[in-house]
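Protein chains in written order, with our numbering: chain R, 92 to 562; chain H, 92 to 562.
I should point out that these hints are in silico values taken from the structure, not numbers from a laboratory. Honestly, I wouldn't trust all of these hints.
In the DSSO-like style, the derived pairs of lysine-lysine whose C-alpha atoms are separated by at most 30 Å in a straight line are [what the hints assert, rightly or not]:
(1) K165/R with K94/H
(2) K499/R with K424/H
(3) K493/H with K234/R
(4) K424/H with K234/H
(5) K424/R with K493/H
(6) K234/R with K424/R
(7) K234/H with K94/R
(8) K499/H with K234/R
(9) K493/R with K234/H
Here the structure is a predicted model, which is why all the values come from computation and not from measurement.
2 protein chains.
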Amino acid sequence: MIKPRTAPGTLELLPTEQIAFQRMLDVIRSGYERFGFLPIETPAYELTDVLLTKTGGETERQVYFVQSTGSLDKAAAQEDPGLPELALRFDLTVPLARYVAEHEHRLTFPFRRYQMQRVYRGERPQRGRYREFYQCDIDIIGKDGLSPRHDAECPAVIHTIFTDLDIGAFTIQLNNRKLMRGFFEDLGITEAQQQVTVLREIDKIDKRGPEAVRDTLTGEAYGLAADVVQTLLDLVGLRSTSHDDALAILDRVLAASAGSPVLATGVAELREVLTVLRDLGVPESDYCLNLSIARGLDYYTGTVYETTLDEHPEIGSVCSGGRYDDLAGQYTKSRLPGVGMSIGLTRLFWQLREAGLVGTAESTVQVLVPQLDEAYLPQCLALATDLRQGGINTEVVLDGGKLGKQLKYADRAGIRFVAIVGEQEVAADTVTIKDLRRQDQFTVAREEAVRSLRVELAQPLGLPHDGSDED
Amino acid sequence: MIKPRTAPGTLELLPTEQIAFQRMLDVIRSGYERFGFLPIETPAYELTDVLLTKTGGETERQVYFVQSTGSLDKAAAQEDPGLPELALRFDLTVPLARYVAEHEHRLTFPFRRYQMQRVYRGERPQRGRYREFYQCDIDIIGKDGLSPRHDAECPAVIHTIFTDLDIGAFTIQLNNRKLMRGFFEDLGITEAQQQVTVLREIDKIDKRGPEAVRDTLTGEAYGLAADVVQTLLDLVGLRSTSHDDALAILDRVLAASAGSPVLATGVAELREVLTVLRDLGVPESDYCLNLSIARGLDYYTGTVYETTLDEHPEIGSVCSGGRYDDLAGQYTKSRLPGVGMSIGLTRLFWQLREAGLVGTAESTVQVLVPQLDEAYLPQCLALATDLRQGGINTEVVLDGGKLGKQLKYADRAGIRFVAIVGEQEVAADTVTIKDLRRQDQFTVAREEAVRSLRVELAQPLGLPHDGSDED
Numbered sequence: 092m093i094k095p096r097t098a099p100g101t102l103e104l105l106p107t108e109q110i111a112f113q114r115m116l117d118v119i120r121s122g123y124e125r126f127g128f129l130p131i132e133t134p135a136y137e138l139t140d141v142l143l144t145k146t147g148g149e150t151e152r153q154v155y156f157v158q159s160t161g162s163l164d165k166a167a168a169q170e171d172p173g174l175p176e177l178a179l180r181f182d183l184t185v186p187l188a189r190y191v192a193e194h195e196h197r198l199t200f201p202f203r204r205y206q207m208q209r210v211y212r213g214e215r216p217q218r219g220r221y222r223e224f225y226q227c228d229i230d231i232i233g234k235d236g237l238s239p240r241h242d243a244e245c246p247a248v249i250h251t252i253f254t255d256l257d258i259g260a261f262t263i264q265l266n267n268r269k270l271m272r273g274f275f276e277d278l279g280i281t282e283a284q285q286q287v288t289v290l291r292e293i294d295k296i297d298k299r300g301p302e303a304v305r306d307t308l309t310g311e312a313y314g315l316a317a318d319v320v321q322t323l324l325d326l327v328g329l330r331s332t333s334h335d336d337a338l339a340i341l342d343r344v345l346a347a348s349a350g351s352p353v354l355a356t357g358v359a360e361l362r363e364v365l366t367v368l369r370d371l372g373v374p375e376s377d378y379c380l381n382l383s384i385a386r387g388l389d390y391y392t393g394t395v396y397e398t399t400l401d402e403h404p405e406i407g408s409v410c411s412g413g414r415y416d417d418l419a420g421q422y423t424k425s426r427l428p429g430v431g432m433s434i435g436l437t438r439l440f441w442q443l444r445e446a447g448l449v450g451t452a453e454s455t456v457q458v459l460v461p462q463l464d465e466a467y468l469p470q471c472l473a474l475a476t477d478l479r480q481g482g483i484n485t486e487v488v489l490d491g492g493k494l495g496k497q498l499k500y501a502d503r504a505g506i507r508f509v510a511i512v513g514e515q516e517v518a519a520d521t522v523t524i525k526d527l528r529r530q531d532q533f534t535v536a537r538e539e540a541v542r543s544l545r546v547e548l549a550q551p552l553g554l555p556h557d558g559s560d561e562d
Numbered sequence: 092m093i094k095p096r097t098a099p100g101t102l103e104l105l106p107t108e109q110i111a112f113q114r115m116l117d118v119i120r121s122g123y124e125r126f127g128f129l130p131i132e133t134p135a136y137e138l139t140d141v142l143l144t145k146t147g148g149e150t151e152r153q154v155y156f157v158q159s160t161g162s163l164d165k166a167a168a169q170e171d172p173g174l175p176e177l178a179l180r181f182d183l184t185v186p187l188a189r190y191v192a193e194h195e196h197r198l199t200f201p202f203r204r205y206q207m208q209r210v211y212r213g214e215r216p217q218r219g220r221y222r223e224f225y226q227c228d229i230d231i232i233g234k235d236g237l238s239p240r241h242d243a244e245c246p247a248v249i250h251t252i253f254t255d256l257d258i259g260a261f262t263i264q265l266n267n268r269k270l271m272r273g274f275f276e277d278l279g280i281t282e283a284q285q286q287v288t289v290l291r292e293i294d295k296i297d298k299r300g301p302e303a304v305r306d307t308l309t310g311e312a313y314g315l316a317a318d319v320v321q322t323l324l325d326l327v328g329l330r331s332t333s334h335d336d337a338l339a340i341l342d343r344v345l346a347a348s349a350g351s352p353v354l355a356t357g358v359a360e361l362r363e364v365l366t367v368l369r370d371l372g373v374p375e376s377d378y379c380l381n382l383s384i385a386r387g388l389d390y391y392t393g394t395v396y397e398t399t400l401d402e403h404p405e406i407g408s409v410c411s412g413g414r415y416d417d418l419a420g421q422y423t424k425s426r427l428p429g430v431g432m433s434i435g436l437t438r439l440f441w442q443l444r445e446a447g448l449v450g451t452a453e454s455t456v457q458v459l460v461p462q463l464d465e466a467y468l469p470q471c472l473a474l475a476t477d478l479r480q481g482g483i484n485t486e487v488v489l490d491g492g493k494l495g496k497q498l499k500y501a502d503r504a505g506i507r508f509v510a511i512v513g514e515q516e517v518a519a520d521t522v523t524i525k526d527l528r529r530q531d532q533f534t535v536a537r538e539e540a541v542r543s544l545r546v547e548l549a550q551p552l553g554l555p556h557d558g559s560d561e562d
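Given only the sequences and the hints, what does the whole structure look like? Please build it.
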């Protein structure tokens, strides 16, 4: 006998949790589709040479390789077999780049796609960090160019989704890499690599605090002057409190600039993003300018985003992304600029569950038809068929047992309604409907059962029952 | 520059095809949920010792193993590294067995689950055979026992799904392994292994024809008497033409029996399945008894199913399954009998596409808001937000360009409606709506735009337009 167990670093859910997870996936998908993004899926594995063109050693060490038994045997027979031919994707961005480059001539640009699939990273397992996890990405890919207006669409759809997820207030935070780059140049930090490493240090402000970051930047490794560091920390301390405040901050930053054209471009892009966000009706309380956001990845070149839950800042960013100049330079000569955001749903779900924000979900099963007496099974089955044809998710108890036990099962499973067909009901051609949430019960004519349950299911639970169907 | 390409044996779709595929997934999920099945997902990979407990060499040769770089290095350093620690699932049945055994005490039995995920097999790539493909499974798992009534639920939900998929007439074919086993015993073929191999030969009737199978069975390898083979072929030639005919065939088989109790049990189980199928309202034209169905797998012990498309018999079975005595004997001492069916969606989709049955799907995008003049972009964005809040999937053109080009894009992408906000519309506070399918156009008051488009979208395309909103 083998002990049944999942591999380390994977999250497997019981059905009630899976339903809650699936509802989040559905909300995300619905939001992405509402904004006109098209679905794609890519294979879980890519050819290793295609997947690992761009990445350095850090990523490669986290990659999972895939081998059939045949190639294992071949590899064992060789002295230096090299890397296996196939590898599991570690994000959805490299597969997107490969997809767009491969199918470039059959896609319309700007290409707006969403993709919600699992990715794989050989990370050290720890609480809330998984080796297999869902990413739910949107990206808009232009050909040769892409208006900064698109940079407003990503936070707008994310706003819709986080509103619909109903997990409390959140703030989408915006910054722009060009603004930061210009500011650096104004301060005499002109070398790109130094800007990147300084940005990385600044990125740690939330974790290390400004004092520690100041010490690092004025210390031996960077050797920046104290006033330069102060100017920098003043900038990254800026957070807008309203839409107009954001615009005012941008004016001040531009006015204080020594005239860097790249800073001016960054400011202009952020202004356009803010304008389109407002025109799209995104409430100003739900977004802000936060000039400390740098994003760890080096390939962002314009707008960058992070999203935090106002009541759970400890969770950190739950949805991030940004603008990049060139999606697929490793696969095609076409210049494909893009902008995107990503929700790491497995981690978010785990965090929400830890924070007590994932409630016990109602079951996908809406009605249970219990079995009181085998003699009435045909009537129960016919009722179930009518309910199902009426679009109601229905389970019939086929094995029988005591009614109390069947009701208890429905209650524990989160099934809200029980539709009883027993001796009395068959004689009177009725159905008795129990609402386990409201602890309410009523009897309707058999032919009214579907309509009646559809009305009940369409009513939000908070509303009082109108009693017209009462027994 | 690396040539962007997918790994061999994978199916990757363009967005329009992906939408069609996703609609099929949605229909299947909706059907499974309508019948009260609960969702689960399992990790793509399992621990190798957990995954490969039961399987023989045939399966192992098709398994994909998963290794991080670290474990590759370790494996290379050893003389005989053995199998890697992780392996990709090759079906959803072994993960289900592991899941049920692992979470046994937190599940309610009968446990009714659906699972729609990709599985991996290192098969030789060939047309329509994929190494990565979706399986969409339902299973009902009992503890200690499970009424044969459940054996009717699987074909009933499959009936609903194939009706909703709208890919033409289909027939769900039923048989029972006990009936077959009893029949064999009556004929003096009492050894289980011989029954299995003879069943395998019989399973080839559709491919090889009855004559070739007869020759094999009377030949050296089996040495069965000609009259025994004839009786057997007469049996497996039986197909019912109606519900009553199916019951009559069962009566005849039982009457002709030499008294095998196992045959009688098989007949009784099939009778119960047929009764429940009728009580569930499944039309008798959509199922039949087909005593040639054996299913290749040895672990089925009762009811077995295959599903064929009436107009495309060449496709073979598109949904199969059956009853098994013991799901998870390798993981638990609990006896867990079950019954299930599986749709191999990737292969089915490919076959339907080859047969011309996958049409050009309407886009998930329902309305395109083109950009005629940058000056009216705020109005376009506000309209898009209203439409989206009204549940309508809407894309706004942010980059501009000629209207003709934007309309052409909508048409090619399968977007049905275009909602135009230009100079005239802004002045009159209206929206002009083009229906690209009906080649129709009308103008509505701005505040009526959402309601009007919702009405249009709710109407099936076949109905004539009522003209009340005409310009």
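Evaluation of the provided hints:
With a C-alpha separation of about 25 Å, the suggested pairing of K165/R with K94/H holds against the 30 Å cut-off. Restraint check for K499/R and K424/H: the C-alpha separation of about 27 Å stays at or below 30 Å, so the hint holds. For the proposed pair K493/H and K234/R, the alpha carbon gap of about 17 Å is at most 30 Å, so the pair holds. Straight-line distance between C-alpha atoms of K424/H and K234/H comes to about 11 Å, which keeps the hinted pair within the 30 Å bound.
For the proposed pair K424/R and K493/H, the alpha carbon gap of about 27 Å is at most 30 Å, so the pair holds. About 11 Å separates the Cα atoms of K234/R and K424/R, which keeps this hinted pair within 30 Å; it holds. Taking the CA atoms of K234/H and K94/R, the gap is about 19 Å. The hint holds against a cut of 30 Å. Straight-line distance between C-alpha atoms of K499/H and K234/R comes to about 18 Å, which keeps the hinted pair within the 30 Å bound.
Of the pairs offered as hints, the one joining K493/R and K234/H holds, with about 17 Å between alpha carbons and a cut-off of 30 Å not exceeded.
The structure shown violates none of the earlier numbered hints.
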